[in-house]
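Asks: Taking the hints into account, I'd like the entire structure generated from these sequences.
Protein chains in written order, with numbering that gives the first Met the number 0: chain A, 0 to 317; chain B, 0 to 544.
Hints were generated in silico from the structure; no laboratory data involved. All residues carry an ideal CB built from backbone N, CA and C; glycine is no exception. Heads up, a few of these hints could be off.
[To be verified] 30 Å max Cα-Cα, derived DSS-like pairs, lysine-lysine:
1. Lys538(B) to Lys496(B)
2. Lys438(B) to Lys466(B)
3. Lys40(B) to Lys6(B)
4. Lys143(B) to Lys317(A)
5. Lys132(A) to Lys68(B)
6. Lys98(A) to Lys179(A)
7. Lys526(B) to Lys503(B)
8. Lys231(A) to Lys83(B)
9. Lys231(A) to Lys6(B)
10. Lys38(B) to Lys83(B)
11. Lys132(A) to Lys22(B)
12. Lys231(A) to Lys143(B)
13. Lys231(A) to Lys131(B)
14. Lys22(B) to Lys68(B)
15. Lys113(B) to Lys231(A)
16. Lys38(B) to Lys127(B)
17. Lys11(B) to Lys83(B)
18. Lys68(B) to Lys231(A)
19. Lys317(A) to Lys113(B)
[Unchecked claim] If you anchor each label on the Cβ, the simulated ranges turn out as follows:
20. Arg312(A) to Thr188(B): 18 to 26 Å
21. Arg87(A) to Pro110(B): 36 to 44 Å
22. Gly289(B) to Tyr151(A): 51 to 59 Å
23. Leu89(B) to Gln126(A): 13 to 21 Å
24. His267(B) to Phe226(A): 56 to 64 Å
25. Gly289(B) to Ser135(A): 52 to 60 Å
26. Asn370(B) to Tyr151(A): 35 to 43 Å
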Amino acid sequence: MHPILKLLVQRIALSLLLLLAASAMIFIGTQILPGDVAQSILGQSATPESLANLRAELGLNEPALTRYFDWLFGALQGDLGTALTNGRDIAESLGARLKNTLFLAFWAAVISVPLAIFLGLLAVRYQNRWPDKLISAVTLTSISIPEFLIGYVLMYFISVKLGWFTSVSTIYDSMSLGEKLSAIALPVTVLTLVVLAHMMRMTRAAILNVMQSAYIETAELKGLSMFNIIRKHAFPNAIAPIVNVVMLNLAYLVVGVVVVEVVFVYPGMGQYLVDHVSKRDVPVVQACGLIFAAVYIGLNMVADIVSILANPRLRHPK
Amino acid sequence: MSDALLKVRDLKIGATVYPPSGKPHDIEIVHGVSFDLEKGKVLGLIGESGAGKSTIGLSAMAYGRGGVKITGGEVWVNGQDILKQGIRDLRRLRGATVTYVSQSAAASFNPAKKIMEQVTEAAILQGKFSRKEAEERAVRLFDKLGLPNPETIGNRYPHQVSGGQLQRCMTALALCPEPDLVVFDEPTTALDVTTQIDVLMAIKAAIRDTGVAALYITHDLAVVAQVSDDIMVLRMGETVEYGPVDQIINNPQEEYTQALVSVRSIDHEEKRPTPEPVLTVNHVTARYRGTNFDVLRNISVDLHEGQTLAVVGESGSGKSTLARVITGLLPPAEGEINFAGRALSPALEQRSKEDLRELQMIYQMADTAMNPRQTVGTIIGRPLEFYFGMRGAEKRKRIKELLEEIEMGDGFIDRYPAELSGGQKQRVCIARALAAKPKLIICDEVTSALDPLVADGILKLLLNLQKIENVAYLFITHDLATVRAIADSIAVMYQGKVVRYGTKSEVLSPPFDDYTDLLLSSVPEMKLGWLEEVIAHRKMESAGN
Chain A
0 MHPILKLLVQ RIALSLLLLL AASAMIFIGT QILPGDVAQS ILGQSATPES LANLRAELGL
60 NEPALTRYFD WLFGALQGDL GTALTNGRDI AESLGARLKN TLFLAFWAAV ISVPLAIFLG
120 LLAVRYQNRW PDKLISAVTL TSISIPEFLI GYVLMYFISV KLGWFTSVST IYDSMSLGEK
180 LSAIALPVTV LTLVVLAHMM RMTRAAILNV MQSAYIETAE LKGLSMFNII RKHAFPNAIA
240 PIVNVVMLNL AYLVVGVVVV EVVFVYPGMG QYLVDHVSKR DVPVVQACGL IFAAVYIGLN
300 MVADIVSILA NPRLRHPK
Chain B
0 MSDALLKVRD LKIGATVYPP SGKPHDIEIV HGVSFDLEKG KVLGLIGESG AGKSTIGLSA
60 MAYGRGGVKI TGGEVWVNGQ DILKQGIRDL RRLRGATVTY VSQSAAASFN PAKKIMEQVT
120 EAAILQGKFS RKEAEERAVR LFDKLGLPNP ETIGNRYPHQ VSGGQLQRCM TALALCPEPD
180 LVVFDEPTTA LDVTTQIDVL MAIKAAIRDT GVAALYITHD LAVVAQVSDD IMVLRMGETV
240 EYGPVDQIIN NPQEEYTQAL VSVRSIDHEE KRPTPEPVLT VNHVTARYRG TNFDVLRNIS
300 VDLHEGQTLA VVGESGSGKS TLARVITGLL PPAEGEINFA GRALSPALEQ RSKEDLRELQ
360 MIYQMADTAM NPRQTVGTII GRPLEFYFGM RGAEKRKRIK ELLEEIEMGD GFIDRYPAEL
420 SGGQKQRVCI ARALAAKPKL IICDEVTSAL DPLVADGILK LLLNLQKIEN VAYLFITHDL
480 ATVRAIADSI AVMYQGKVVR YGTKSEVLSP PFDDYTDLLL SSVPEMKLGW LEEVIAHRKM
540 ESAGN
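Replies: Put into structure tokens, the structure is as follows:
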């Protein structure tokens, strides 16, 4: 077996193991929450008999381990159970929400990742001169302002004052792609501003680190221009750290957009999760947790795989 | 002289320094150096570290490394003062007219790109050759430089070839665009002696065959004597002596040059073995965890009280691993070690404080072996506290004694390592080892990072301390001149085995085994024509076989 294949298999197996551990943590976490699901569903109308009936119906009397494995095997087959509050199939409602979240994250990523890397390269090219300082100042300012504030400020100026884009980003299946993109323009802008600084700073730092290497001096002494040195010699060796931080930010775009979704009334996973946490709908919270964990672990696994593949020592062993 | 390829006049170079205390300020590191280099000739620039030789070499490409700036003078290449040229013209000069070979090819090759791409890059970019022509030329150069499989070696990545091969690839990289001048910056310093001689031969032949001129920078006078037409001796940014190679080697005028030529003048009478060795290594075999490759195979050596055992070999021969086994960092797979009449526990954790105290270590890099945030007094005082429980005035008095012993004086007690020179740092490390009053000190390449004259001083100090303290040294080195200077007995290691072991006079007298012969004949000698003699001798022998 090629050593790199072995490494990749190991890395993927590790991710699966991690996901299993995360599922156990999510299950345990929701179990040790104070209070009782049956109690909160019935509320005022709870009598000892109705509570006992509901508990039996929900399977709450089974041992925790049995319930965990039932839930896990169900989830593996795509059955995430039914929501306690409205009795709907979770997989179905979650699927639509996940699609929306991924749609928003996809467009935010399409704009922010190339922009961040381009700005990072620009900052290196003009290191310690005014373009570098301007880029750092603007991106650091935007990451320092809370995202809901940026959201409201953009909403006030762009949709209220200028009327370019709508302030409510609700999208429906019946909308055309153009209409959908117009609807999500503002949340995409906010998300881009939030993730830009992190990725741009990392690109800058990773490439500057590589620029200290002796082989960059070799390239300079070959008479290469600064642009060619960065493109041909520095960037290929800085891929691993850049991909790592890009993946972390992509994960954030899927998992951490709750606030932005709420501000723009966007029908994504975050809103769905927040709604059901407040209603103590445990199966939905567990399902969302599992999906978020899978996204996080999956994207980080991709980052590691890219890092492994980008390493010539691993790709071409002696 | 008007047709000189490279003409340097009154070159002045400055740099910004950032002292640990105080403001950054500009200093001058090269103070007005002038020389000429004609087409097809080789000028050797020689001096200790800090002499400014690399800086002068790079000025032929109008390049300053880090914060280094050329502040005055003229550098004429092919009749053009390149210091007056803009960056666009300089880019056409670099990589086309003047090229560069660095000390560490391993670091100077981009790890993510194939060798061929990097060797031909400048020639193609500068429009000297088409890709096809450049690749054909590269293959011819690989062949001329004696690289194995010249047709295919370019398809490999830098990490897939050995250090000596990569250094030759770097030479091919520099010669590929058909430059007028190549700057060789310590091209063989990082190599083992047996590899160095091959690379040296390859470089010399390539210079001769392509008719290129070269600046050859090194700290090793014996090496530069083999390849140069002229030599310029530099010290602290100034020319000490400049003339034909024959005059510099055989009739040096300046005192400093004379000292360089006659370096390693230590006379050390070999001591006879005593009946009771202080250290006995008995049939030791060792391997690193998770591997089943034996790094050390059945090693047996003795070291006697107050004597020096030199362990000599190339990188990868297992000599540092032997030190790790003796110190307990790597428990041996088989065999045992006796020290001061008792068996040493294989693992460090089981050793007594007494074992630890009596066995001290000094490392190659004094820089990284000291905490930069501690003063010299704290560094030397630590073993006094730890082993002898000394405090206050008593400790300070002992630290001053130790500083006296390493010939540094008590003025250094409150200084930080960053304020010391390389030789002074190594002396502090010696004092720290001595503070524990050890029976044995393991010295791992302790003079390899130092300039020859400084290294000489350290060796004299070590021999002197041995007389006073009666301490034994296990001296690990790849440098045979050091071995001759300091050893009482020698173990030659090759591929994890001791191939030759005995007293110094036994080991260094014929008949030799093949490896020791190769090792001894590869050490550059300070005489003209030595390289040719060795090549001729080896050709004769291989023809005889």
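Asks: All hints, please: hold or fail.
Replies: Hints, verified against the model:
1. Lys538(B) to Lys496(B): holds (28 Å)
2. Lys438(B) to Lys466(B): holds (13 Å)
3. Lys40(B) to Lys6(B): holds (13 Å)
4. Lys143(B) to Lys317(A): At roughly 24 Å apart (the allowed maximum being 30 Å), Lys317(A) and Lys143(B) satisfy the hint.
5. Lys132(A) to Lys68(B): The given pair, whose Cα atoms are some 25 Å apart, holds under the 30 Å limit.
6. Lys98(A) to Lys179(A): holds (13 Å)
7. Lys526(B) to Lys503(B): Between Lys526(B) and Lys503(B) the Cα gap is close to 24 Å, so the pair holds against 30 Å.
8. Lys231(A) to Lys83(B): Answer holds: Lys231(A) to Lys83(B) is near 29 Å, not above 30 Å.
9. Lys231(A) to Lys6(B): violated (34 Å)
10. Lys38(B) to Lys83(B): holds (22 Å)
11. Lys132(A) to Lys22(B): holds (24 Å)
12. Lys231(A) to Lys143(B): It holds: about 29 Å lies between the C-alpha atoms, which stays within 30 Å.
13. Lys231(A) to Lys131(B): OK: Lys231(A) and Lys131(B) at ~20 Å, within 30 Å.
14. Lys22(B) to Lys68(B): holds (19 Å)
15. Lys113(B) to Lys231(A): The given pair, whose Cα atoms are some 12 Å apart, holds under the 30 Å limit.
16. Lys38(B) to Lys127(B): Within the cut-off at roughly 20 Å; holds.
17. Lys11(B) to Lys83(B): holds (14 Å)
18. Lys68(B) to Lys231(A): Holds - the C-alpha atoms of Lys231(A) and Lys68(B) are around 27 Å apart, at most 30 Å.
19. Lys317(A) to Lys113(B): Since the Cα atoms of Lys317(A) and Lys113(B) sit roughly 13 Å apart, the hinted pair holds (cutoff 30 Å).
20. Arg312(A) to Thr188(B): 18 to 26 Å: Hint holds: Cβ distance 25 Å, inside 18 to 26 Å.
21. Arg87(A) to Pro110(B): 36 to 44 Å: violated (55 Å)
22. Gly289(B) to Tyr151(A): 51 to 59 Å: Between Gly289(B) and Tyr151(A), where Cβ atoms are some 57 Å apart, the hint holds.
23. Leu89(B) to Gln126(A): 13 to 21 Å: Cβ of Leu89(B) to Cβ of Gln126(A): about 20 Å, so the range 13 to 21 Å holds.
24. His267(B) to Phe226(A): 56 to 64 Å: About 58 Å separates the Cβ atoms of His267(B) and Phe226(A), which means 56 to 64 Å holds.
25. Gly289(B) to Ser135(A): 52 to 60 Å: violated (44 Å)
26. Asn370(B) to Tyr151(A): 35 to 43 Å: Violated, at about 52 Å.
Figure legend: structure checked against the earlier numbered hints; hints not met, in rising order: 9, 21, 25, 26.
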